[in-house]
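Chemist: Same order as they appear, the protein sequences are chains A and B. Its first residue numbered 1, the first sequence is counted upward by one per residue in the numbering used here. Its first residue numbered 1, the second sequence is counted upward by one per residue in the numbering used here.
Hints are computed from structural coordinates only; laboratory data are not their basis. Be careful, since some hints might not be right.
Listed next, the in silico DMTMM-like pairs over lysine to aspartate or glutamate satisfying Cα-Cα at most 25 Å (straight line) [unchecked claim]: (1) 132(A) - 79(A); (2) 57(A) - 131(A); (3) 57(A) - 88(B); (4) 132(A) - 122(A); (5) 57(A) - 12(B); (6) 132(A) - 92(A).
One side only, chain B facing chain A, incomplete, derived with CB under 10 Å [to be verified]: (7) 37; (8) 47; (9) 81.
Just a sample of chain A residues kept apart from chain B, beta carbon distances all over 12 Å, derived [claimed, not checked]: (10) 43; (11) 45; (12) 66; (13) 136; (14) 142; (15) 143.
Keep in mind that this is a model prediction, so the values were computed, not measured. All C-beta atoms in this analysis are idealised placements derived from N, C-alpha and C, irrespective of residue type, glycine included.
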Amino acid sequence: MPADRVGWHTVDSSQTTILAGSNPEVHMSQSYDRGLVENFGRWTEFSAGMWAWVFHKFTGWVLIGYLFTHIAVLSTAIEGASMYNGTLQGLEALLIVRFMEVGLLAVAVFHILNGVRLLFVDLGLGLDAQDKSFYASLILTGAIAVASIPTFLGGAF
Amino acid sequence: MAEHYTSFSRDDTRWLLQRVTAVFLVGVLAFHFMLLHFVHHAYEITLAGTTARMSQPGYFITMVSFLIAGTFHGVNGVYNALVNQGIEGTPRTIVKYGLIIVSLLLIAQGIRVAWAMTGGQLI
Numbered sequence: 001m002p003a004d005r006v007g008w009h010t011v012d013s014s015q016t017t018i019l020a021g022s023n024p025e026v027h028m029s030q031s032y033d034r035g036l037v038e039n040f041g042r043w044t045e046f047s048a049g050m051w052a053w054v055f056h057k058f059t060g061w062v063l064i065g066y067l068f069t070h071i072a073v074l075s076t077a078i079e080g081a082s083m084y085n086g087t088l089q090g091l092e093a094l095l096i097v098r099f100m101e102v103g104l105l106a107v108a109v110f111h112i113l114n115g116v117r118l119l120f121v122d123l124g125l126g127l128d129a130q131d132k133s134f135y136a137s138l139i140l141t142g143a144i145a146v147a148s149i150p151t152f153l154g155g156a157f
Numbered sequence: 001m002a003e004h005y006t007s008f009s010r011d012d013t014r015w016l017l018q019r020v021t022a023v024f025l026v027g028v029l030a031f032h033f034m035l036l037h038f039v040h041h042a043y044e045i046t047l048a049g050t051t052a053r054m055s056q057p058g059y060f061i062t063m064v065s066f067l068i069a070g071t072f073h074g075v076n077g078v079y080n081a082l083v084n085q086g087i088e089g090t091p092r093t094i095v096k097y098g099l100i101i102v103s104l105l106l107i108a109q110g111i112r113v114a115w116a117m118t119g120g121q122l123i
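Using the sequences and the hints given, assemble the complete structure.
Modeler: Put into structure tokens, the structure is as follows:
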């Protein structure tokens with residue numbers, strides 16, 4: 001990968017803009033060595049855009065991990081109805097699974113909302129509201145997750 | 001004042017596919033969650049109900065497309081994350097082909113399961 005694309009390919013633009021803005025020598029067409037965001041020792045320096053990037057990556061890892069697990073669990077359908085129904089109902093009988101489903105919903109909702117935000121960023125729309133749209137994504141995710149609790153925990157007690 | 005930037009690269013098909021699959025997944029993932037957690041509750045799911053849904057060609061095609069798009073989007077995201085971490089050379093090549101093989105296996109197993117859910121049996 002050419003060096004001048006490293007910073008642009010995956011970093012949220014609000015973060016690059018803020019970094020670029022802090023250094024007059026850095027222009028949008030140039031590369032910027034931001035170091036590895038995964039060095040969480042720098043977390044106090046993270047801007048809203050950086051947190052958006054971290055959360056998007058974290059939720060992405062969770063979702064792809066879940067996809068593999070999901071297909072594995074659903075594969076019980078190949079063995080027939082008793083295996084499939086027993087597995088799903090057995091899992092749903094565990095309270096921890098119900099709470100994990102709320103967490104999964106929160107992860108999916110944030111990834112969706114922030115993903116829509118990133119698509120707008122790629123289209124160059126609403127660039128001045130990137131921080132606000134990140135905070136809105138977080139608040140909406142929290143609200144939807146809380147509102148879903150009765151549905152996910154229904155019949156669990 | 002924020003400036004418009006784009007990570008688009010003219011010959012990067014993966015970049016474009018990541019966005020195209022994202023748009024598709026936004027809708028289908030939300031639909032999937034709504035249908036199987038809020039319309040039908042997960043604890044009520046039975047193979048009979050699953051078969052009734054999967055036997056509808058439109059639903060079957062949507063779910064298989066969901067599987068393929070989700071696998072590409074997720075695994076390509078993992079690859080991008082590792083590249084961003086600085087993986088290169090032989091490890092990068094191994095990871096690349098490893099992820100491709102794992103993706104194909106997941107899609108194959110997913111289609112096998114989807115077909116079984118219709119009441120048919122492929123393998």
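Chemist: Under the criterion of a CB-CB separation shorter than 10 Å, is residue 37(B) in contact with chain A as hinted?
Modeler: 6 Å, holds
Chemist: When you look at the beta carbon of residue 143(A), is every beta carbon of chain B farther off than 12 Å?
Modeler: 15 Å, holds
Chemist: Would the non-interface assignment of residue 136(A) survive a Cβ cutoff of 12 Å against chain B?
Modeler: 16 Å, holds
Chemist: Has the given pair, residue 57(A) with residue 88(B), been kept, meaning a C-alpha gap of at most 25 Å?
Modeler: Measuring from Cα to Cα gives roughly 20 Å; hence the hint holds.
Chemist: With a cut-off of 25 Å on the C-alpha distance, tell me whether residue 57(A) and residue 131(A) pass.
Modeler: Measuring from Cα to Cα gives roughly 17 Å; hence the hint holds.
Chemist: Straight-line Cα separation of residue 57(A) and residue 12(B) no greater than 25 Å?
Modeler: Between residue 57(A) and residue 12(B) the Cα gap is close to 21 Å, so the pair holds against 25 Å.
Chemist: Does the no-contact call for residue 43(A) survive, Cβ to all of chain B over 12 Å?
Modeler: Given a closest Cβ separation of 17 Å, the condition holds.
Chemist: Given the proposed pairing of residue 132(A) with residue 92(A), does the C-alpha separation stay at or below 25 Å?
Modeler: 37 Å, violated
Chemist: With the threshold set at 25 Å, check whether the alpha-carbon distance from residue 132(A) to residue 79(A) stays at or below it.
Modeler: 49 Å, violated
Chemist: Quick check for students: does the CB of residue 45(A) sit more than 12 Å from each CB in chain B?
Modeler: Holds, because the least Cβ-Cβ distance between residue 45(A) and chain B comes to about 18 Å, which exceeds 12 Å.
Chemist: Using 10 Å as the Cβ threshold, decide whether residue 47(B) counts as touching chain A.
Modeler: 4 Å, holds
Chemist: Quick check on residue 81(B) please, does its C-beta sit within 10 Å of some C-beta on chain A?
Modeler: 6 Å, holds
Of the numbered hints listed earlier, those contradicted by the structure are 1, 6, 12.
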